[in-house]
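Chemist: Below are the chains, spelled out letter by letter.
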Amino acid sequence: MPDTSVAARPEARELTYGEAVNAALRRCLDERPDTLLYGEDIAKPGGVFGVTRGLRRDFGDRVFDTPISESAILGSAVGAAMLGRRPIVEIMWVDFSLVAFDQVVNQLANVRYVSRGELTAPVTIRTQQGSAPGACAQHSQSLEALFLHVPGLRVCMPWTAQDAYDLLVAAVASDDPVLVIENRTLYPAGKGPVALGGPVQTPGGLRVRREGSDATVVTWGAMTARVLAAAAGLADEGISLEVLETVWLNPFPTDEIVASATRTGALAVVHEANVTGGFGAEVVARVAGRGVPLRVPPLRLGLPDTRVPAAPSLVAGLLPGPDAVAGSVRDWLRT
Amino acid sequence: MDGSQPLADLRQVWRMRAFEERVRELRLAGDAVGSIHLGIGQEGVAVGASCLIGPDDAVFATYRGHSWAIACGVEPEKLFAEILGRATGINGGRGGSAHLTAPGYRFFGENSIVGAGAPIACGAALAGRHDGTDRVALTVFGDGAMNQGAVHEAMNFAAAFSLPVVFLCENNSWSELTAIDEMVGEPQLWRRAAGYGMPGERIDGNDPEQVRDRLGDAFEVAREGGGPTLVEAMTQRLVGHYIGDADQYRRPGERERDAENEPVALLTRRLRDAGVPDDEIAGTERAAREEMDAASAVALAAPPADPATAKEHLYA
Ligand SMILES: Cc1ncc(C[n+]2csc(CCOP(=O)(O)OP(=O)(O)O)c2C)c(N)n1
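Chains H and F, in that order, give the protein sequences. Per the numbering used here, residue 1 is the first one in the first sequence, and the count goes up by one each step. Per the numbering used here, residue 1001 is the first one in the second sequence, and the count goes up by one each step.
Calculated from the structure, these hints are not laboratory results. Computed from a predicted model, the values in this text were never measured in an experiment. Treat the hints with caution; some may be incorrect.
[Unchecked claim] Here are some chain F residues pointing at chain H (derived, C-beta under 8 Å):
(1) V1033
(2) G1034
(3) G1085
(4) G1093
(5) H1099
(6) L1126
(7) G1144
(8) N1147
(9) E1176
(10) G1185
(11) P1187
(12) R1212
(13) G1216
(14) V1298
(15) L1300
(16) K1311
C-beta: ideal position from N, C-alpha, C; glycine also.
Using the sequences plus the hints, can you model the full thing?
Modeler: Here it is as structure tokens:
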């Protein structure tokens, strides 16, 4: 782990996505004595992906390992937050949050509302999701839509190392509960300059990853890379896509999406989650609800509605890669 | 002591170990991909249990379950093929290493959610009460799973209804990279049984003989209507949590102790004491490696799972 400490003034460091997460955690632990950091294997071993390395050493017992007890991890975070701590907890895979969904949906999301704001639960839940070669059916799901159905919970999904840093810092600073969904395939991803120590952002906003005029493509998470690759290829064919990465899904930048779709007259949403009930449906509904005139019916791309198989040859036929995205978009705009 | 039983045990231990060492080679060579969890060192438990599993019984394992599939009698060739994502795999490539499922062999599958198999095993036992069989459901899980809510609920559920479930905790002292004794107030995990109102005990999981004997008692009690038992089988994994784990968390002296206790060492000592010649002992390993080399070669030659079938089997 390189030095991820914060200098007095904002500065750029060469970090991977995983190291950027580490830097954000370090900054939060450093600047906020009310933070706690805990989860399975995160302290002494430094995390199964090495993301939390060095934090136990530097912050002592505010950073600790837990039993394999997701209900106790999340429930204790709710309680500690009610009593003034600012817990940052890790659920190793989003799939494991399901054994403790009650603590998120019935408990965490209700704290502020039912107490009329007398109580709050500023918990940050870090987790990661997505498919990777050979991952089994219980370690491959993209479940953001489950959480986006829950009012009271903020949700973001960083794709770049800079956003992995900024969004996590914003999540911890937020007085609302925030779910930060990272992606394990990105942790070791290409080092790049990450500005540390900049102003704390508030939840919200989007990233215009590419400007274009023929269609608006909304995407998030690891899918952004595939969409950008597809967009680059299509540009050579004369198809100009505007690629909007919605790093925050709640709050969602509806106005900005509506403005872009109004300009391009075509809307596609691409996510790694399966299509039915995916958040793409909500994006399409919001744009439709505003009466945006579209030249072509909106397009939704994602994993087909099936379980995720282990064999790489089976997965390859399901998850849309850059070529499949480009092909679908090309066919769609031709209709 | 007659050497025939320990020799048979060692033969089975080697079949499991040779299978997994071959899996490791295939993973490192890139023929298999993804996270693969080996139970190398823990084979004594599955070997001892294998003869206890009756025709109507149901076994529920975890991602570290290759040896349990072999203990249930699944052909190694079909397991290799599954782990390699081949069309001829026991699940046609859908399950993979962490989700092997072979109900025709009484193997109701691995599970990648810690502790999730325990309540399901309660259901298998419950079904047995209504389908006229004398089914015992065996649920196998690690020490870390003892801290999962689902396991607690399952133990009480089975005890409350006196269900024929055998809860078998394979205590290898590590839950991924974290030591179990730092994650519980009472490291003698078997003692929890009393709180549920069921018998419990700790046994040496490295000794198939002892597993057969003591786990056998639990099976018998369950089969005769006496309800569930918690058995904590002490063992060790000689390898990382998954293939690729740098495995740097071991305590001083641990590896030396493990090397002495693990089932191959234990059974070899026993066979020597019984006067079994060394080349007969060594023959068990040789035969197992030959079997697994041949089985993996067949699996490697099979075609990958057909992408056109990826959406099949979602609904009835
Ligand atoms: C509910 C849940 N939480 C966390 C995990 C991640 N995980 C996979 S294996 C493991 C350790 C399990 O340890 P133990 O039960 O002792 O079994 P062992 O791996 O040693 O066989 C963890 C935490 C998971 N798969 N499911």
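Chemist: For every hint, state whether the structure bears it out.
Modeler: Against the structure, the hints come out as follows:
1. V1033: holds (4 Å)
2. G1034: holds (2 Å)
3. G1085: Hint on G1085 of chain F: holds, closest Cβ of chain H at ~3 Å, below 8 Å.
4. G1093: holds (3 Å)
5. H1099: holds (5 Å)
6. L1126: violated (21 Å)
7. G1144: holds (5 Å)
8. N1147: holds (4 Å)
9. E1176: Constraint on E1176 of chain F satisfied, holds at 5 Å.
10. G1185: violated (10 Å)
11. P1187: Constraint on P1187 of chain F not satisfied, violated at 12 Å.
12. R1212: violated (29 Å)
13. G1216: violated (29 Å)
14. V1298: violated (17 Å)
15. L1300: Constraint on L1300 of chain F not satisfied, violated at 14 Å.
16. K1311: Holds, about 5 Å.
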